[in-house]
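Engineer: Keeping the supplied structure of chain A fixed, place chain B upon it in accordance with the hints.
Protein chains in written order, with this note's numbering: chain A, -5 to 338; chain B, 11 to 126.
Derived from the structure by calculation, the hints contain no laboratory data. Where is the CB? At the ideal position from N, CA and C, for every residue including glycine. Don't take every hint at face value.
Cut-off 25 Å, straight-line C-alpha distance, at most; resulting in silico cross-link-like pairs (DMTMM-like, lysine to aspartate or glutamate) [what the hints assert, rightly or not]:
#1 B:K56 <-> A:E55
#2 B:K85 <-> A:D168
#3 B:K43 <-> A:E42
#4 B:K85 <-> A:E50
#5 B:K43 <-> A:E55
Partial list, computed: chain B residues near chain A (C-beta under 8 Å) [stated by the list, open to error]:
#6 Y53
#7 I54
#8 E57
#9 T59
#10 N65
The following residues of chain B were derived to be distant from chain A, with all beta-carbon distances above 10 Å [as the list claims (entries may be wrong)]:
#11 G38
#12 E40
#13 E44
#14 K52
#15 G71
#16 E74
#17 R91
#18 E102
#19 A105
#20 E106
#21 E108
#22 F117
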Amino acid sequence: MEKIRNYLETMFLSLPNTLEVQRAKSELLAMMEDKYQALLAEGLPEEEAVERVIGEFGSLEELAEDLGIGDVVANAGNIPQGRRLAYEECFYFLDTAARCGLQRALGIALCIAASACPVISSSLQAGKSDRGALAALGLASFFICVGCGVFFIIFSSLAMKKWRFLKKTPCVIDYQTLSDINQKYESDESGIRFLMAGGVAMCIFSVIPVSVCGAIWDNDLLSGLMAGVLLLMVAFGVFLICFSSFSKHSYQLLLNLNKRGTVGANYFDSQKMTPHFEGTLGSIMGVYWQTVTCLYFIWSFLTFQWWKTWVIWPLAGIIHKLLVNLYGHNDQNHRDFQRQNPYL
Amino acid sequence: MANISSDIIRGYNDTMILSLLLSGPSYGYEISKEIRQRTQEKYIIKETTLYSAFNRLQKNGLVESYSDIGAESGKRRTYYRITESGHAFYREKCAEWELTKDVVEKFVHECETEHI
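The shape of chain A in the complex, shown without the other chains:
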């Protein structure tokens, strides 16, 4: 049955995601499933049954007029438009993206950690005779770290360069590959979340050593060292956050690749749930966050009460959510359809 489903999904991949198309797809699937079950009950081997069901399916051209997809079918026959990404290609991309994500996160972390070098070296200098050497060492390690960091960042972005077409040219991924990618994503997701949370926690915890030491001992050397530790912890936290968000991004890139508004784009939940606004409100909401940022800066720079002005962000968030709930439109087609056909 999986094969039949695949065949149908791939057939419908690049068709516009309308109620008619969805209905046709589910009706056809139901008919094919009934037929397949009946053939199996007659004692036909599985493969032959699949072959017969697919062989007797017909062609989408027959449905073109009913579904209002005449132009799509006429242009492309049954072949979805755009560059087709093969199964191996997708997984090769995920591998490359994971490796480059690691390198890039490392590069960013190194740039942050670099600033710990002069901090630590200057705290060590207190009361020492060879201050010059220590200062030079601190500076040198700073530049070495920054150099390495920048190297990693450039190196990884060069390696990702050849995948830039994913964003520039329309691409299509077939249903089977998408569901395998999604499966891999789901198995990795908890790990990604864990890393992300760990990174955030690390950034928050980074202030603990320096504040605890400052409170207990009044020691310049120790507090200097702890400031260095703070920066190193931040660097590590940022590394975790970057690495996890890069790998999440690479999955989402593939899962969202199929053209918006086509049946194939339905795969990823986040897409059909993206709220949008219509009319005048739509043009206002298009610049919502930019406006909020402007207001924040205007208020802050006019009053210099930064400890007060941050309030604008949570407020803006609440207002945004409110507007989305009151006036936002989700891509309802699919959900309405599912409501009418809960057995799907």
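Structural biologist: Coordinates of chain B only, in the frame set by chain A:
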């Protein structure tokens, strides 16, 4: 063995479906199975053809669809039921076919007797 020309049969898919619906509501696969059995597998209707026919019949108000759970299978399906105008259309199509058959037959017999 001769194959059915899909161009010719297309005009009569609707008639076949309506005729099967005369005896009560039915759903996609059941209708395709009935057509296959009644014609002794001489005509196997394709899924897309069938769906397209349902769609057209429904648009013209000749059938109505509703969703129901099958008594035997317990599976929810879209069922189709013939309407009043569906009945009228069916009678019309039957008369049309009688006429067509009469006309075409006059020439088919000629062909058979001459034979190659």
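Engineer: Using the nearest Cβ pair, does B:E57 come within less than 8 Å of chain A?
Structural biologist: Holds. Min distance 5 Å.
Engineer: Are all C-beta atoms of chain A more than 10 Å from that of B:E44?
Structural biologist: Per Cβ check, B:E44 is outside 10 Å of chain A; nearest 12 Å; holds.
Engineer: Going by Cβ atoms, does B:E106 stay more than 10 Å from chain A at every point?
Structural biologist: At roughly 22 Å from the nearest Cβ of chain A, B:E106 sits farther out than 10 Å, so the non-interface label holds.
Engineer: Taking the closest pair, is the beta carbon of B:E74 still more than 10 Å from chain A?
Structural biologist: Non-interface label on B:E74 holds, nearest chain A Cβ at 15 Å vs cutoff 10 Å.
Engineer: Please verify that the nearest CB of chain A lies beyond 10 Å from B:F117's CB.
Structural biologist: 30 Å, holds
Engineer: Can we trust that B:E108 is non-interface, i.e. its beta-carbon lies farther than 10 Å from all of chain A?
Structural biologist: Per Cβ check, B:E108 is outside 10 Å of chain A; nearest 28 Å; holds.
Engineer: Measuring from the C-beta of B:N65 to each C-beta in chain A, is the shortest one below 8 Å?
Structural biologist: Given a least distance of 4 Å, the restraint on B:N65 holds.
Engineer: Assess, step by step, whether the Cα of B:K85 is no farther than 25 Å from the Cα of A:D168, and give holds or violated.
Structural biologist: Outside the cut-off at roughly 28 Å; violated.
Engineer: Holds or violated: B:K85 and A:E50, Cα atoms, limit 25 Å.
Structural biologist: It holds: about 23 Å lies between the C-alpha atoms, which stays within 25 Å.
Engineer: Determine whether the non-interface label on B:A105 survives the test: each CB of chain A must be over 10 Å from its CB.
Structural biologist: B:A105 is indeed farther than 10 Å from all Cβ atoms of chain A, at 27 Å.
Engineer: Just double-check B:K52 for me: nearest Cβ-Cβ distance to chain A has to come out over 10 Å.
Structural biologist: 14 Å, holds
Engineer: Going straight from one Cα to the other, do B:K43 and A:E55 come out at no more than 25 Å?
Structural biologist: Distance of about 23 Å is within 25 Å: holds.
In summary, the structure is inconsistent with hints 2, 6, 11 and 12 from the numbered list given earlier, while agreeing with the others.
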